[in-house]
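Visitor: Protein chains in written order, with our numbering: chain A, 13 to 589; chain B, 13 to 589.
None of the hints are false.
One-sided excerpt, in silico: chain B residues whose CB lies under 10 Å from chain A:
no.	residue
1	42
2	138
3	148
The set of hints was computed from the structure by calculation and includes no laboratory data.
Computed from a prediction, not measured in an experiment: that's the story for all the values here.
All C-beta atoms, glycine included, are put in the ideal place defined by N, C-alpha and C.
2 protein chains.
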Amino acid sequence: MTKTTEGSPKKVQRVETAESMAQKQREISVSEFFLKNRHLLGFDSPRKALMTTVKEAVDNSLDACEEAGILPEISVEIQQTGDNRFRVGITDNGPGIVKNQIPKIFAKLLYGSKFHRLRMSRGQQGIGISAAGMYGQLTTGSTTVILSKTKNGPKAHRIGVQIDTRANKPTILAEEEIEWLPTFYPAQPDGAAPVEPVSFKHGTCVTIEMEAAYIRGRLSVDEYLKQCAIANPHLQLHYRIAVLKKENAKADNGKETEGANGAPAAEGNWNTFQRAVHHLPKAPAEIKPHPHGVELGILMQMLKDTHARTLRSALSQDFSRVSDRAALEICEKAGLNPKANPTRIAHQESEALFKALGETKLMRPPTDCLSPIGEEQIIAGLKKEIQADFYTAVTREPEVYRGNPFQVEVGLAYAKPGENQDLGADDPVRVLRFANRVPLLYMAGACAMSRAITGVNWKAYGLAQPKDAVPVGPMVILLHIASVWVPFTSESKEAIAHYAEIIKEFTYGLQECGRQLSVYLSRRHRQAEADRKRSYIEMYIPHLALGLREILALNDKQEQAVVTKLSDMLERTHLDV
Amino acid sequence: MTKTTEGSPKKVQRVETAESMAQKQREISVSEFFLKNRHLLGFDSPRKALMTTVKEAVDNSLDACEEAGILPEISVEIQQTGDNRFRVGITDNGPGIVKNQIPKIFAKLLYGSKFHRLRMSRGQQGIGISAAGMYGQLTTGSTTVILSKTKNGPKAHRIGVQIDTRANKPTILAEEEIEWLPTFYPAQPDGAAPVEPVSFKHGTCVTIEMEAAYIRGRLSVDEYLKQCAIANPHLQLHYRIAVLKKENAKADNGKETEGANGAPAAEGNWNTFQRAVHHLPKAPAEIKPHPHGVELGILMQMLKDTHARTLRSALSQDFSRVSDRAALEICEKAGLNPKANPTRIAHQESEALFKALGETKLMRPPTDCLSPIGEEQIIAGLKKEIQADFYTAVTREPEVYRGNPFQVEVGLAYAKPGENQDLGADDPVRVLRFANRVPLLYMAGACAMSRAITGVNWKAYGLAQPKDAVPVGPMVILLHIASVWVPFTSESKEAIAHYAEIIKEFTYGLQECGRQLSVYLSRRHRQAEADRKRSYIEMYIPHLALGLREILALNDKQEQAVVTKLSDMLERTHLDV
Numbered sequence: 013m014t015k016t017t018e019g020s021p022k023k024v025q026r027v028e029t030a031e032s033m034a035q036k037q038r039e040i041s042v043s044e045f046f047l048k049n050r051h052l053l054g055f056d057s058p059r060k061a062l063m064t065t066v067k068e069a070v071d072n073s074l075d076a077c078e079e080a081g082i083l084p085e086i087s088v089e090i091q092q093t094g095d096n097r098f099r100v101g102i103t104d105n106g107p108g109i110v111k112n113q114i115p116k117i118f119a120k121l122l123y124g125s126k127f128h129r130l131r132m133s134r135g136q137q138g139i140g141i142s143a144a145g146m147y148g149q150l151t152t153g154s155t156t157v158i159l160s161k162t163k164n165g166p167k168a169h170r171i172g173v174q175i176d177t178r179a180n181k182p183t184i185l186a187e188e189e190i191e192w193l194p195t196f197y198p199a200q201p202d203g204a205a206p207v208e209p210v211s212f213k214h215g216t217c218v219t220i221e222m223e224a225a226y227i228r229g230r231l232s233v234d235e236y237l238k239q240c241a242i243a244n245p246h247l248q249l250h251y252r253i254a255v256l257k258k259e260n261a262k263a264d265n266g267k268e269t270e271g272a273n274g275a276p277a278a279e280g281n282w283n284t285f286q287r288a289v290h291h292l293p294k295a296p297a298e299i300k301p302h303p304h305g306v307e308l309g310i311l312m313q314m315l316k317d318t319h320a321r322t323l324r325s326a327l328s329q330d331f332s333r334v335s336d337r338a339a340l341e342i343c344e345k346a347g348l349n350p351k352a353n354p355t356r357i358a359h360q361e362s363e364a365l366f367k368a369l370g371e372t373k374l375m376r377p378p379t380d381c382l383s384p385i386g387e388e389q390i391i392a393g394l395k396k397e398i399q400a401d402f403y404t405a406v407t408r409e410p411e412v413y414r415g416n417p418f419q420v421e422v423g424l425a426y427a428k429p430g431e432n433q434d435l436g437a438d439d440p441v442r443v444l445r446f447a448n449r450v451p452l453l454y455m456a457g458a459c460a461m462s463r464a465i466t467g468v469n470w471k472a473y474g475l476a477q478p479k480d481a482v483p484v485g486p487m488v489i490l491l492h493i494a495s496v497w498v499p500f501t502s503e504s505k506e507a508i509a510h511y512a513e514i515i516k517e518f519t520y521g522l523q524e525c526g527r528q529l530s531v532y533l534s535r536r537h538r539q540a541e542a543d544r545k546r547s548y549i550e551m552y553i554p555h556l557a558l559g560l561r562e563i564l565a566l567n568d569k570q571e572q573a574v575v576t577k578l579s580d581m582l583e584r585t586h587l588d589v
Numbered sequence: 013m014t015k016t017t018e019g020s021p022k023k024v025q026r027v028e029t030a031e032s033m034a035q036k037q038r039e040i041s042v043s044e045f046f047l048k049n050r051h052l053l054g055f056d057s058p059r060k061a062l063m064t065t066v067k068e069a070v071d072n073s074l075d076a077c078e079e080a081g082i083l084p085e086i087s088v089e090i091q092q093t094g095d096n097r098f099r100v101g102i103t104d105n106g107p108g109i110v111k112n113q114i115p116k117i118f119a120k121l122l123y124g125s126k127f128h129r130l131r132m133s134r135g136q137q138g139i140g141i142s143a144a145g146m147y148g149q150l151t152t153g154s155t156t157v158i159l160s161k162t163k164n165g166p167k168a169h170r171i172g173v174q175i176d177t178r179a180n181k182p183t184i185l186a187e188e189e190i191e192w193l194p195t196f197y198p199a200q201p202d203g204a205a206p207v208e209p210v211s212f213k214h215g216t217c218v219t220i221e222m223e224a225a226y227i228r229g230r231l232s233v234d235e236y237l238k239q240c241a242i243a244n245p246h247l248q249l250h251y252r253i254a255v256l257k258k259e260n261a262k263a264d265n266g267k268e269t270e271g272a273n274g275a276p277a278a279e280g281n282w283n284t285f286q287r288a289v290h291h292l293p294k295a296p297a298e299i300k301p302h303p304h305g306v307e308l309g310i311l312m313q314m315l316k317d318t319h320a321r322t323l324r325s326a327l328s329q330d331f332s333r334v335s336d337r338a339a340l341e342i343c344e345k346a347g348l349n350p351k352a353n354p355t356r357i358a359h360q361e362s363e364a365l366f367k368a369l370g371e372t373k374l375m376r377p378p379t380d381c382l383s384p385i386g387e388e389q390i391i392a393g394l395k396k397e398i399q400a401d402f403y404t405a406v407t408r409e410p411e412v413y414r415g416n417p418f419q420v421e422v423g424l425a426y427a428k429p430g431e432n433q434d435l436g437a438d439d440p441v442r443v444l445r446f447a448n449r450v451p452l453l454y455m456a457g458a459c460a461m462s463r464a465i466t467g468v469n470w471k472a473y474g475l476a477q478p479k480d481a482v483p484v485g486p487m488v489i490l491l492h493i494a495s496v497w498v499p500f501t502s503e504s505k506e507a508i509a510h511y512a513e514i515i516k517e518f519t520y521g522l523q524e525c526g527r528q529l530s531v532y533l534s535r536r537h538r539q540a541e542a543d544r545k546r547s548y549i550e551m552y553i554p555h556l557a558l559g560l561r562e563i564l565a566l567n568d569k570q571e572q573a574v575v576t577k578l579s580d581m582l583e584r585t586h587l588d589v
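Using the sequences and the accompanying hints, generate a full structural model.
Guide: Here's what the structure looks like:
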């Protein structure tokens, strides 16, 4: 039987045909897509939106300063302007942005300089800051305002942009040349100590107004900035969070408030995280793709795009770690002419080439593209912000996942129980996660770093640990991954994907630190034991001496000598630790 | 002091300027973005890639059939062609696709008919099937081949496409008009019972070759298809997974194998999930946005785009649940002229309008846009695939999150301990998650449905439950969310975001089912208790009767009467359940 099945049409309300369906097919712009899916970008709650905006702007400022060889100094100003509205302004002393690039950088998703290269940087997608502006526009209808002055430009530019989400293109709403404000750092409110003004000769300032919520705590802007200062000790960071008084916020819901024109102004003081290191971290180099991390489709695309004239030179020029000799060997293995035109390699030939590349032994990718924080700097950063008794850190050697070099660092800070109020002896340890020096606050549960921590047997190092959980104790664990391409689990860049190579490296790093911790803890344990014994000795020996004095009829001096001798002897016997 | 800080340039390797950085800014195509981030689309491992590909193709086929009012019949054929290579072919009896739409639908990300409307469907992004083709292209360099015939077209089209990832545009590599193959369903291998061939008069067949891995188990294609049949009882589903014998796979790595030309062919039988319901589910209606779920930025965009000539008619035409009278009320509240041109509403006016919309009481969104599975169908689906002793299901009333209507369903199947080998009495219960009738296999930990399950106090219903975990027992829990816009946590659509409204609805649904379970379990418990008592009675009464017989010198008949009477009396006393 040959059968054909179709539903009875009378049951169906509206029946489409291939032709009517074709009418409805449409392109979806990437802005429309992310506007509807804004939780993918970290804008799912008002609180998180505020943190994400600050993070994206600060990331960009730090990247720009470092690329331009400028020691970064950044100010973050958050002002409440209504019940659930905030104006966020981030200013840096970076190189500034050329005028005609400003609209696209701030109001077009998937636009940037970092996606197409293999180099370690905080930004990598070309989405973040435009997404923050788009969120502001969505929730308040407002315009992103950018003020920027380059080193060589005579004046600064002030540009207001929105995203045309249908087309994913910037719409310029305001544009003017102005004098760069020499001083951005306002005086303190009455009563506070006066602060020296700071001025930047060049740089960029971005201001976005948005629906948001400011709540202190582990997921707050404050926490982000604090962790940012730990991982970037070369950063001078000023910030001010000015919140409306309750009654003002209620009365003035949704409208801008300015102290100058009589409306109630938000109040809040400036704070500064002082720079602890006065030189820039080593600038990471840009690298070429490594053959062992390239997929067949990418190889075919690269051959099509190459500027080299022979297959052999394409291999040695466009890939890292392929010497001229190795290129020849690969061509021979694949049965291809090394002088062939690389843009004309057929599908089957490129498959053979792909196989040959995989089978050829090559040096691992270069690692000068990575710029780890460094063991000393991690310990310095932890000491600066976390009061503890024991600090240690490990920077592992670089490794490779899917052809991408990466490097892992782990730090520990252990406080004596009871000596740091933030670190309870019976609480799970605090975990600080970083990727390319950027703090990751959300989605800890989904992160490869958390997996590595729970996978380590902490009992072996002297900590309590519930099954499949983080250990318990008055401790902070810092983890950092540096890579030319950090594999995040979502566009909001909050958690690291579970690559086995990455989890393994973190595990080794944690174990190394754990062993150091174990040495410290057992020394401390022995010390405590010794202290306990000493207190026994001090308590009982005088009584013993008194008894001896009576039995042997000693005088005061002799009694004292007995006490000293007995103490010495007992301490020597039991306290040789 | 006014200070300006810059790093000493001699320490820096390459210093960028605003101008040099501007040179490097570039647009990133959405294909490039997702190619590099393919784990976001569900292509992070070879095993998952296979499942995701089948899922995306089957989702599209089901959507197309239902929209065209056709009872869906689909075949899935997976053939191993090399060590880690598979060819995946999905054929449906749908309405077919108009020729000029085929390239964009299968080789352009963010293209489709489902994103811009508010209507329940499996697909919603316009990414899935093109992403699967892109993954095949990336890993094997191969071409996606589509064969499609519409009802009215005289012949079928066969088109081969790849994505130009730089431009996110299709490249057509082959195109021909052919006769639609009347029979796709091949004969069984020797020894198996002959199968009737099936032919579709029209429909679509897509074939993708890719790097993949086939592994059975909870995350496999088999499991996906099985769950798909449970949630879509109106679907007739044929499938065949043909895996190379080990030695063949090794010998023939990476090359196509065809039984016909002498190469070793993969082997595997066809299986069919029979349709259990012979009519289509109620077709969901398309709705307009509800004012209470629209953000200010969207409202402004809608006013700009409206075809209405007055503000009042724009409100009543473009939104759901805004009557003409309500529109007038809203305009008055906002202090705006109802006859104003809606496309010329200023920023501040639209803020007032937004506020007025929020403050106006309106009916909840219509719910005919939702098509739940239904309590009876859920129980039928569970009975068909899961052997158990007790079944129950609940379809909750529709609710709203962020203006989007959604509806939640929960089903339970409880097996007598030991009677279903797949359901261990000491194992965590099995959870089947569905969104718009699509099974969700991965990322259970990140899903709002899991959160709802662990949040319920199952001990109250008679199940053991470790802290913060799913309950333990020989049970299956089925959860389904139907919505015009399912809020997934990532583009790969594997988990539901944690909206409080959604978790609440699932919790209520689970509790309702839990109460039914509790009634069943306590009845079963009392029954077991009764059985136990009855066995005591049966054991001891004859002895008692024997004792009485000796004391009272009863004869056989009298003794038997005593046994009967005592049994009756005791059973009546203790077993009145």
